[in-house]
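**Student:** Given next are the chains, with one letter for each unit.
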Amino acid sequence: MTGSNNNMDRFKDAFREEARELLSGLEESLLVLENDPENQEEISSVFRAMHTIKGSSSMFGFDYISSFTHDLENLFDRVRNGEVKVNQGIISAMLSCKDFIEDLLLRDSLDEEGLSEKSTELLEKVFKAAVGKTSSPQPVGVPKQPEVIKKAPPIQEASSRANELLTFRIELNPHEDVFSNGTRPLNLIRELRDLGDVTILPFVGQIPLLSDIEPEKSYLRWTIFLTTTHSLAEVQDVFLFVQDTADIRIDVIDTPTDSHEQEYKLGNILVKKGLISVEHVEEAITRQKKIGEILIDEGVSPQEIRKALGEQEHVRKTREKISSETGANTIRVASDKLDSLVDLVGELVTLQARLTQNIYTEDSAGLQGVSEQLERLTSELRDSTMSIRMLPIGTTFNRFKRLVRDLSQELGKEIEFRTEGGETEVDKTVIERLNDPLVHLIRNSIDHGIERPELRKQQKKDGQGVLTLRAEHVGASVQIIVEDDGKGLDSKTLYDLGVQRGLVVPGAELSDQEIFMLITAPGFSTAAEVTHVSGRGVGMDVVRREIESLGGSLRIQSEKGKGSRMILEIPLTLAIIEGLLVETGKENFVFPLSTVEECIEYRKMDGKASMMEHRGDVLPLCDLRKVLEIPNSGTAEQQVVVVHTNEGPTGIIVDSVIGGHQTVVKNLGKLYRDAEGISGATILGDGSIALILEVNQLVKVAVQNN
Amino acid sequence: MKEKDTVYLFPEKATVQESIDILNSLSGLINAKNEIIFSFEKVQSMDLSLVQLALSFMKTLSSKGKELQIKEPLSLEAREAFTLAGLLVKNEESASALERNLRTLIKEHS
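These protein sequence lines map, in sequence, to chains A and B.
No gaps in the numbering here: position 666 of the first sequence is 775 in the working numbering, and each next residue is one more.
No gaps in the numbering here: position 43 of the second sequence is 170 in the working numbering, and each next residue is one more.
Honestly, the hints are just simulated from the structure, not real lab data.
Being a predicted model, the structure only gives us computed values, none of them experimental.
One or more hints might be untrue.
[As the list claims (entries may be wrong)] Okay, the calculated beta carbon distance ranges per label pair:
| id | chain 1 | residue 1 | chain 2 | residue 2 | range |
| --- | --- | --- | --- | --- | --- |
| 1 | A | Gln149 | B | Ser221 | 28 to 36 Å |
| 2 | B | Lys198 | A | Ile497 | 46 to 54 Å |
| 3 | B | Ser223 | A | Val387 | 26 to 34 Å |
| 4 | A | Gln412 | B | Lys169 | 27 to 35 Å |
Positions of the beta carbon are idealized from the N, C-alpha and C atoms, including for glycine.
With the hints as constraints, model all of the structure from the sequences given.
**Tutor:** Below is the structure:
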């Protein structure tokens, strides 16, 4: 009993996850429809999302969700029929309904009474927007589903098995009068084609000669083979509105569970035994009369043979594709299992480093060879594991569309939100931690950056502002840019505020970048009034700290009256990084390799220990010993690691550079989390600990100490 | 010497009725000319009823023992309509492929 409960819980979790994905897609479609209300593809997509959620929720006992979505499905059924037009009110109400369903998914128990009020209120809002009255529109009769003949598995099973590759045979026979009620059979086929791979077999036998044809009648019929990850219900949806104008029959003819083994042919057996050659078999086959031809001779209709051959070809190609592209198939894995795998790989990398270090003290060439092989394998395993955790950053970008829409409406601003580079892949942990900083930046842009339409027009700008979110790979990092064409930052005002707050020494010469970065100082706000959106001066401070804790950096570019650009540079991954191992005093430290430009010998400039000449320029220096208060080990020769920081290239003086190091990042405990200049720790091959340096903070501490 | 004519079936955009008119006016060609070359180069709009008319025209031509010939290239719209109707296969969307497929189909159903 407990086992079956556990199974049901697992299925329910899977349903919740799938429903959340559908709701996320629904939100996207609604936002597209807001600007393009006639977009049939998105209207169908909203309908399908509602239909699927309704069906699945009912199957897993979420009856309340099922009943709620049923009404919304009906509404979009009418939208699809052209009876109701999409408008702003419908979109806003549907977005609230989406939030409500999302909330229902999180609940363990349902307070029916409270929910009932809320759902009634939401549905009334939707229907009022749709048909101008508060009552639910007349329910649309549930259309009868196409006739479904199933080979295996049972209907219910196949219906619920979205994401598995199924092959359907669809017999589509439109009635003669199909055109007269506005149905376009080619559009149905196009919809099927959008669901997966199709093979379309037309039957033209009923087409009359030119003298007899009536162009308003339909004469063609088809057998269509569709291989898709969509469920049976979704395939049936395509024909939802042509039940009365076409005969449709859908059979599931191939499933992933069907045997895909090659046939054991006579020729293969004889070749294997060495009795004949492959050429011999091929030559015999060319002389052999094909079974189709034999059967036609025996009276089987050529059309039936063609249909069977079409089916055979489609299924064969699909099976070949599956076997050659097994790697392209996807499976769903719980993210905590993935985290645990990465932890284990991290341990393996550490252990392997210990082995490499110890093996050379042994005088065994054999063991050293094994160790090198293990090192290569570990490295490949690490790369593969890390690549599994990479997700397209677009998943985060999409969430902001809603934020921009709601906030711009609330603040009376017109904003076009553009996203670019959503396919850029970043470690999932990085993506999760980027969410809050990006929310802050986007809210700031909308609240403080982009002006109201009337003000923009006065300044001869387009009334609609543009907010762009862009991602791209730059070396081992990803650059995320939040850009707006709003009023920009006023460097003079910022400078004066900086002086007032004691952050800038009066008269000090600061670069534009330094002035702009003042807005990231704690409590620094330029907003005249505090709103619930922003203006308390905490946002940018938090953003900078969060970005730096990710091992990244923040830069700001802006031009008064033209707009601002916030540039975030973030490492691709946080779990295992390429590092440069150095020694200072008796301690080891790791620089993230992505920050390192080069390593040079330390040459003191006459009388100026805090800088040295390098490539015809003056390089500011920061002595790691002094910053971290490490006792002098008496090393005569020192080296400089040149790193790039927010302030430009800076040299960090260390005792010696040991070399490259695969760094498994371990977080510091709570006590050390705020230690400036240190972002984490790693375990070295000999079991000792090395601290990982955060160069921007390190330089900041050095400047403060001076 | 053979007499030839290139027939621009559905010149650009044509309603069903306009197409019937075109076909009617061209039907005389079937008897008058020895060889007719179809062209779908200029078609900008094509739905199923027009695909059927084209098929019917070709079937009629074939019934009179005339060779079916289609000129390259097909317009994008014609390719899309013929592909959706299953008369062309993806990645093999040339006029010669259409000619071959139609010949097979018409033969099969004759």
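**Student:** With reference to the structure, classify each hint as holding or not holding.
**Tutor:** Tested hints:
1. A:Gln149 x B:Ser221: 28 to 36 Å: holds (30 Å)
2. B:Lys198 x A:Ile497: 46 to 54 Å: Since the Cβ atoms of Lys198 of chain B and Ile497 of chain A sit about 53 Å apart, the hinted range of 46 to 54 Å holds.
3. B:Ser223 x A:Val387: 26 to 34 Å: With Cβ atoms ~33 Å apart, the hint holds.
4. A:Gln412 x B:Lys169: 27 to 35 Å: holds (33 Å)
Comparing the model with each numbered hint stated earlier shows that all of them hold.
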